[in-house]
Amino acid sequence: MGGKLKPVSEVVGSIPSGSHLALGGFAIARNSIVVVHELIRQRKENLTISQGIGGLDTDLLVGAGLVTHLIMGGGSLDRFGPIHCVNRARETKSLRFEDYTSLSICFRYLAGALGLSFMPIKSLFASEMLERLEAGDGPNDVRRFECPFTGEEYVLLRALTPDVSFVHVQIADEEGNCQIRGPQWENEEQAKAGRRVIVVAEEIVTTDYIRRSPELTVIPGHRVEAVIHQPFGAVPTAVFGCYDYDAEHLRAYVDHAREPNRFKDYLNKFVFDCRDHWQYLEKLGGLRKQEELKADRVLGY
Amino acid sequence: MPATEEIKARDGERKILATEIMVVAGARELHDGEVAIVGLGLPEMAAALAKRTHAPRLSTLYEIGVMNSTPKDTPVGLADSRTFYRATCWSSFLDVMGMNLHRGVVDAGFLGALEIDRYGNVNTTLLKEGSGKIRYVNGSAGGNDVASLAKRVIVIMRHEKRKLPLAVAYLTSPGFANGRSREELHLRGGGPSRVITDKAVLGFDAKTHSMSLLSLHPGIRLEELTENTGFPLQVPEVIPVTPVPTAGELRVLREEIDPKGVYLR
Numbered sequence: 016m017g018g019k020l021k022p023v024s025e026v027v028g029s030i031p032s033g034s035h036l037a038l039g040g041f042a043i044a045r046n047s048i049v050v051v052h053e054l055i056r057q058r059k060e061n062l063t064i065s066q067g068i069g070g071l072d073t074d075l076l077v078g079a080g081l082v083t084h085l086i087m088g089g090g091s092l093d094r095f096g097p098i099h100c101v102n103r104a105r106e107t108k109s110l111r112f113e114d115y116t117s118l119s120i121c122f123r124y125l126a127g128a129l130g131l132s133f134m135p136i137k138s139l140f141a142s143e144m145l146e147r148l149e150a151g152d153g154p155n156d157v158r159r160f161e162c163p164f165t166g167e168e169y170v171l172l173r174a175l176t177p178d179v180s181f182v183h184v185q186i187a188d189e190e191g192n193c194q195i196r197g198p199q200w201e202n203e204e205q206a207k208a209g210r211r212v213i214v215v216a217e218e219i220v221t222t223d224y225i226r227r228s229p230e231l232t233v234i235p236g237h238r239v240e241a242v243i244h245q246p247f248g249a250v251p252t253a254v255f256g257c258y259d260y261d262a263e264h265l266r267a268y269v270d271h272a273r274e275p276n277r278f279k280d281y282l283n284k285f286v287f288d289c290r291d292h293w294q295y296l297e298k299l300g301g302l303r304k305q306e307e308l309k310a311d312r313v314l315g316y
Numbered sequence: 399m400p401a402t403e404e405i406k407a408r409d410g411e412r413k414i415l416a417t418e419i420m421v422v423a424g425a426r427e428l429h430d431g432e433v434a435i436v437g438l439g440l441p442e443m444a445a446a447l448a449k450r451t452h453a454p455r456l457s458t459l460y461e462i463g464v465m466n467s468t469p470k471d472t473p474v475g476l477a478d479s480r481t482f483y484r485a486t487c488w489s490s491f492l493d494v495m496g497m498n499l500h501r502g503v504v505d506a507g508f509l510g511a512l513e514i515d516r517y518g519n520v521n522t523t524l525l526k527e528g529s530g531k532i533r534y535v536n537g538s539a540g541g542n543d544v545a546s547l548a549k550r551v552i553v554i555m556r557h558e559k560r561k562l563p564l565a566v567a568y569l570t571s572p573g574f575a576n577g578r579s580r581e582e583l584h585l586r587g588g589g590p591s592r593v594i595t596d597k598a599v600l601g602f603d604a605k606t607h608s609m610s611l612l613s614l615h616p617g618i619r620l621e622e623l624t625e626n627t628g629f630p631l632q633v634p635e636v637i638p639v640t641p642v643p644t645a646g647e648l649r650v651l652r653e654e655i656d657p658k659g660v661y662l663r
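Chains A and B supply the protein sequences, listed in that same order. Residue numbers for the first sequence follow the numbering used here, beginning at 16 and rising by one. Residue numbers for the second sequence follow the numbering used here, beginning at 399 and rising by one.
Simulated from the structure, these hints should not be mistaken for lab results. Wrong hints could be hidden among the right ones.
[Unchecked claim] Quick list of in silico lysine to any residue cross-link-like pairs, SDA-like style, CA-CA up to 25 Å:
| hint | chain 1 | residue 1 | chain 2 | residue 2 |
| --- | --- | --- | --- | --- |
| 1 | A | 137 | A | 173 |
| 2 | A | 298 | A | 270 |
| 3 | B | 526 | A | 84 |
| 4 | A | 137 | B | 549 |
| 5 | A | 207 | B | 498 |
| 6 | B | 531 | A | 107 |
| 7 | A | 21 | A | 57 |
| 8 | A | 309 | B | 483 |
| 9 | B | 531 | A | 275 |
| 10 | B | 470 | A | 94 |
| 11 | B | 531 | A | 276 |
| 12 | B | 526 | A | 152 |
| 13 | A | 108 | B | 525 |
| 14 | A | 137 | B | 503 |
The task is simple: from the sequences and hints, build the whole structure.
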């Protein structure tokens, strides 16, 4: 393997238990399932996970019992259902949960990405999220503050600087220069706030190809520590321009995640009993299924 | 959603659905040239209808980082690639929620709600069951940001007593919390302006900030509304009837915007 290309097992092996990981998925889009499955197989425990909008990625890690601290703006599997494992963990208080909004998570990453220690925001006022954060869920992460210039009241959000940020992209070169097609939610801030940045790419292209449209490069190679190449690495979630979500599998997932025991069956079948992502893809229907999900070039899904 | 009783369309055939009345009422809240943050489902339908009728220059923003898309197939959520189709801009949270919403240029924001109370506070975080057991759901996502920062907020939801309690079980997105003004709450956005349900269009009293009845949908009686509301509503002496969708609006909705009846049912 040339450049920064590394197998997922090696990258995940380099992450200590207890790390703060920032995940780049959004509900049912661009979840790095290949990384999440490997984290579960290698039993990386005591994780702190931060994310704008949680999806299947975070739900799997929480369901597998690896997460002790969750910092999130919200989450769901869209119309397929809620993130049952995360919601159940909140109900049983089995993890510390810092409840934010989309923009406040984005601002916390932005502060981290800019090397600032905090960012002011005009959201969160008069909400129960702020009340609970101040009361004990995150008392060192929020402060009320009066602007010294205008006298206006702000909530100050402490910067997030995850130990490792993962971003799932359509294309990257071996140096980690990567391009995202479609909307980017908070991926740029989330990646650049990270102390280590890992890119998971559906396709590896040459640097010459990146040079054809450098305006599309979101994360430059010099910020990237490693590149994991895994086609269909986000299945059953969607990657715009590459493939659609696997509706059948998402429905099956939600059905299993509703019950802790059935969730265990799911993990055994689709994670522990799979040697690697290729075997997982075979279980989901292999090439025939991938062909069905492959995006139409005009529609992008 | 149940159809309102015995309403006949002006074309004399298909019954007008409550969802169609809601979408039309939502569309009429949007003006040409405005900027709106919309979510999927009925808000999206309302914005699409407004664009195709009286507000062709309405800008529609989606928090994920998409502007003015025109989905061809029905998306299952914001993260569905179908939501990205034929957009005029793909950007990010930081752009849509930061440099537009937080910047103060978003005129209207739509919200859905598990619960809304008399002061327009919205809960999208948890449900308290009769036994006292708490069930968590999706949380804020961009909801609190929109409620805090949009110039005005339009809530679209089903009208049931448990969904309109005196006080929400969890205050995710603030309206006029404790009946206080937005300035007192340190919020820049104007707060909730309309609540559009399958029974009525509601607003908020300028002085008391308490929810008030603006119009009842055709065929809905006042008692039916008050019985299904968990707090006293301010009611005008003469109660207007929500305008029935025009034949033109119905045609656009049924033939162009949701021909398969995914949301309009």
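A quick look at each hint next to the structure:
1. A:137 to A:173: holds (14 Å)
2. A:298 to A:270: holds (18 Å)
3. B:526 to A:84: holds (24 Å)
4. A:137 to B:549: Answer holds: residue 137 of chain A to residue 549 of chain B is near 13 Å, not above 25 Å.
5. A:207 to B:498: holds (22 Å)
6. B:531 to A:107: holds (10 Å)
7. A:21 to A:57: Since the Cα atoms of residue 21 of chain A and residue 57 of chain A sit roughly 16 Å apart, the hinted pair holds (cutoff 25 Å).
8. A:309 to B:483: holds (16 Å)
9. B:531 to A:275: Roughly 18 Å between the alpha carbons, so the hint for residue 531 of chain B and residue 275 of chain A holds.
10. B:470 to A:94: Satisfied, since the Cα-Cα distance of roughly 18 Å is no more than 25 Å.
11. B:531 to A:276: holds (21 Å)
12. B:526 to A:152: holds (20 Å)
13. A:108 to B:525: Answer holds: residue 108 of chain A to residue 525 of chain B is near 16 Å, not above 25 Å.
14. A:137 to B:503: holds (14 Å)
Going through the hint list in order, the structure satisfies each hint without exception.
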